[in-house]
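Trainee: Okay, here's what each chain looks like letter by letter:
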Amino acid sequence: MVAIADSVPKPVARFRFILDRRNVLGSIMIAPAILYVLLLVGVPFLMAVYYSLSAYTIYDPSWSFVGLANFEDVVQDPVFQQTLYNTFIFTFGSQMLGLILGKFGALVLLRPFPGRKFVRALVILPWAVPIALATVAWQWMFDSLYSVINWTLIALGVVTRSQAPNWLGTPHLAMLSVIVVNAWRFFPFAIVIFLAGITAVPQDVLDAATVDGAGFWRRNYQIIMPMILPIVAIGLVFGIVFTFTDLSIVFLMTMGGPVGATSVLGFAGFQTGIVSGDVSHGAAISLFMLPVLFIVVVAMLRFIRRREV
Amino acid sequence: MGSGGNKNNRSVTRRSFLKASGAIGGAAGLAPVLSAPFVSRAVADNKSLSIVQWSHFVPAYDTWFDKFAKDWGDKNKIAVTVDHVPVQDVPARAAAEVSAQSGHDLFGFNGSGGAHLYRKFFINLADLVKETEKKFGQVTTIGKQLGYNADDGSWSAFPDFYINFPGMYQKSLWDGIGMKPDTWDNLRIGGAKLKAKGKPVGISLGHSNDPSTTWRGLLWSYGGAIQDAAGKKVVLDSKEAIEAAKFVAALYKEAMTPEVLSWNDSSNNQYLASGVASYIVNPISAYRTIQQSNKKLADDIFVIEPPKGPAKQIMGAASEFYGIWKFAKNKEAALEFLKYYRDHWPEAFKASEGYNNPCFANLVPKPMPILANDPTSTPPTKMAILQDSDKWSAIPGYPGPATPATDEIYYAFILNDMMTKTATGQSSAEDSVKMATQRCEAIFRKWARRT
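One line per chain: the protein sequences are A and B, in this order. Going by the working numbering, the residue at position 148 of the first sequence is 148; the numbering climbs one at a time, nothing skipped. Going by the working numbering, the residue at position 133 of the second sequence is 133; the numbering climbs one at a time, nothing skipped.
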């Protein structure tokens, strides 16, 4: 009797039955991700919203409600207006450059050549290297005293020592420098996106276009690009969100200088909210990103959906 | 098979399981009672003290401090851990510990207004400061600016040390033109002559600590200031501040190069070490590094008091203090360690090679070791002038206290930008000062509502 009873493990069967239900299993599998988003993104986000509407500082952690007063203070600051402008230039400049580099990189890596696998692995490095390490290396390349870029330009006779660009000391060049570093960091991701997209384009479509007389440029911009646009748009959404909220490159390379020319929202929010202890104004600065990101993401997602339809 | 199994293979029956778990539970319950006489000492020994502070610019100091703290812990049977964080990470670390209401017992803070910003979270160290004053003389002005709260007489922090910013110059170059960089005007005139010889002056106009400190010194030496002595009002918009900004423009154009616009805190050190700079303003770590890498150049580098201005001779300084969190688990141990550390402060002074300067009058009696007679320097009295650096050093907030508002002005690089805009011609001195004043006033108004 015991042996018969033991051979029918009912609870396991019931459990298996539950797991066989698609909606239950799906919920179980997605639960950790939802929990993660709720606890580590949702709660801090809601706290940031409340901080921005309160009088909370490290000196006086008071939750008293002040309405939109912090936002009014922030908007009236002329330096903030420049910071907002810088953030747009930094984000869209680096995404544009990253996409162009990514497209060219993908086209190069599609063609077979000796050592292609090694180069493909190497290209991922900028993405994989810790940003602090990479930025320090770039800082030396843009250094006013020891810039290897300037050394090369001088050695090639392009500029003289006195004409050598002061990469991080001239406002426009400093912005260009941080854009270049961010684009360098982003372009491996763009290559992966483009490679995934291009390899998914059916070969017979390309062959038919070639037979019809389409050259390299026409194939690329009238056939491949429209077909892979949804996946590129997804990559771009990621890139924009990550760049708009980034402070590490500016913090490590320029500290927002010279004269605030490279200060971006993430950096300004950190300096005000954490370093100076004015959490409420810091949160207000950081939350300025929200409507912009919301509009960009919604517009991109609508565009993607329309393309898919 | 798995769950049914062969009856003979079963190693655990319900009865044996209950027996075993009962025995284990009973033993666990009785263990504290039975072992109490033997373990009470061991429990006492498990006390701990955790300290966090910046990674010192003189690495040997950290080595000394870690051993010093560990030895104290061994003597008192307290496990001491010391964490060192990069100086720029200190504010974020403090904010995180306060938010979590948990962290290190003793917090070594770097930044002038921090003690006031975190006032509600630090225990009052007034007794410790009073006791220290009795033993080692009066607390200095910088020490008072750092930790004292005038409204209730409390001390949010124990002033540990300040870092002075003297001038450093290549003596042979300045002797060659028959001048000395002892006043701001001489620095500009002599600097222009030396720039023509490829040896410019190197003072940063970027976003970092060194220029924030140096240009405050210049502003004060011209008789200007950001706030009044009471720390209530912004007084930056003055003819003295405009003159100071005009001077920076002249110094930049005549004696410096555009490279300074992008400098961080190590750039002027590298400039001096490369042999190019004729003069920089920096803590003595710049000179110490050159001593190790280029003895000949180090011998030619002399340390000088900051340049005199039309109003006074004064220079900005950096500072360090210790606070004990109210939520610290081992406040007593932290306090005892601070007392022991204070009593052995001259050892800390030596370990820092004269970099850490005392905040109490007689903490390191004169002649001070190393500074009065440094056998590694030629001549050995090269740094003797630093013994009196408390007479010409002040921290952000001067002539008033360091506050959260003065700290925010410091971290927003408002003064640096005021000087840079004027120097590069982005705006006139008058407009730069006006714009900087408006930003300072906005920050003061904001903190007035919150403090």
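Among the hints, a few may not be true.
[To be verified] Residues from chain A shown here face chain B by an in silico Cβ test under 7 Å; the list is partial:
hint : residue
1    : Tyr59
2    : Asp60
3    : Ser64
4    : Gly67
5    : Ala137
6    : Met141
7    : Ser144
8    : Leu168
9    : Gly169
10   : Ile274
No lab work stands behind these hints, which were simulated from the structure alone. From a predicted model like this one, the values you see are computed outputs, not experimental measurements. All C-beta atoms, glycine included, are put in the ideal place defined by N, C-alpha and C.
Trainee: Was the hint right that Ser144 of chain A lines chain B, CB cutoff 7 Å?
Mentor: holds, 4 Å
Trainee: Holds or violated: is the Cβ of Gly169 of chain A closer than 7 Å to a Cβ in chain B?
Mentor: holds, 3 Å
Trainee: Regarding the hint that Asp60 of chain A lies at the interface with chain B, is the smallest CB-CB distance below 7 Å?
Mentor: Since the shortest Cβ distance to chain B is 6 Å, the answer is holds.
Trainee: Under the criterion of a CB-CB separation shorter than 7 Å, is Ile274 of chain A in contact with chain B as hinted?
Mentor: holds, 5 Å
Trainee: Can Ser64 of chain A be said to touch chain B, with a Cβ gap under 7 Å?
Mentor: violated, 10 Å
Trainee: Is the interface hint for Leu168 of chain A satisfied, with its Cβ closer than 7 Å to some Cβ of chain B?
Mentor: holds, 4 Å
Trainee: Just to be careful: measuring from the Cβ of Ala137 of chain A to every Cβ in chain B, is the smallest value less than 7 Å?
Mentor: Ala137 of chain A check fails; min Cβ-Cβ to chain B is 15 Å, beyond 7 Å.
Trainee: Restraint: Tyr59 of chain A near chain B, CB-CB cut 7 Å. Satisfied or not?
Mentor: holds, 5 Å
Trainee: Minimum Cβ distance from Met141 of chain A to chain B below 7 Å?
Mentor: violated, 13 Å
Trainee: Measuring from the C-beta of Gly67 of chain A to each C-beta in chain B, is the shortest one below 7 Å?
Mentor: Gly67 of chain A check fails; min Cβ-Cβ to chain B is 13 Å, beyond 7 Å.
Hint check: violations occur at hints 3, 4, 5 and 6; the rest are consistent with the structure.
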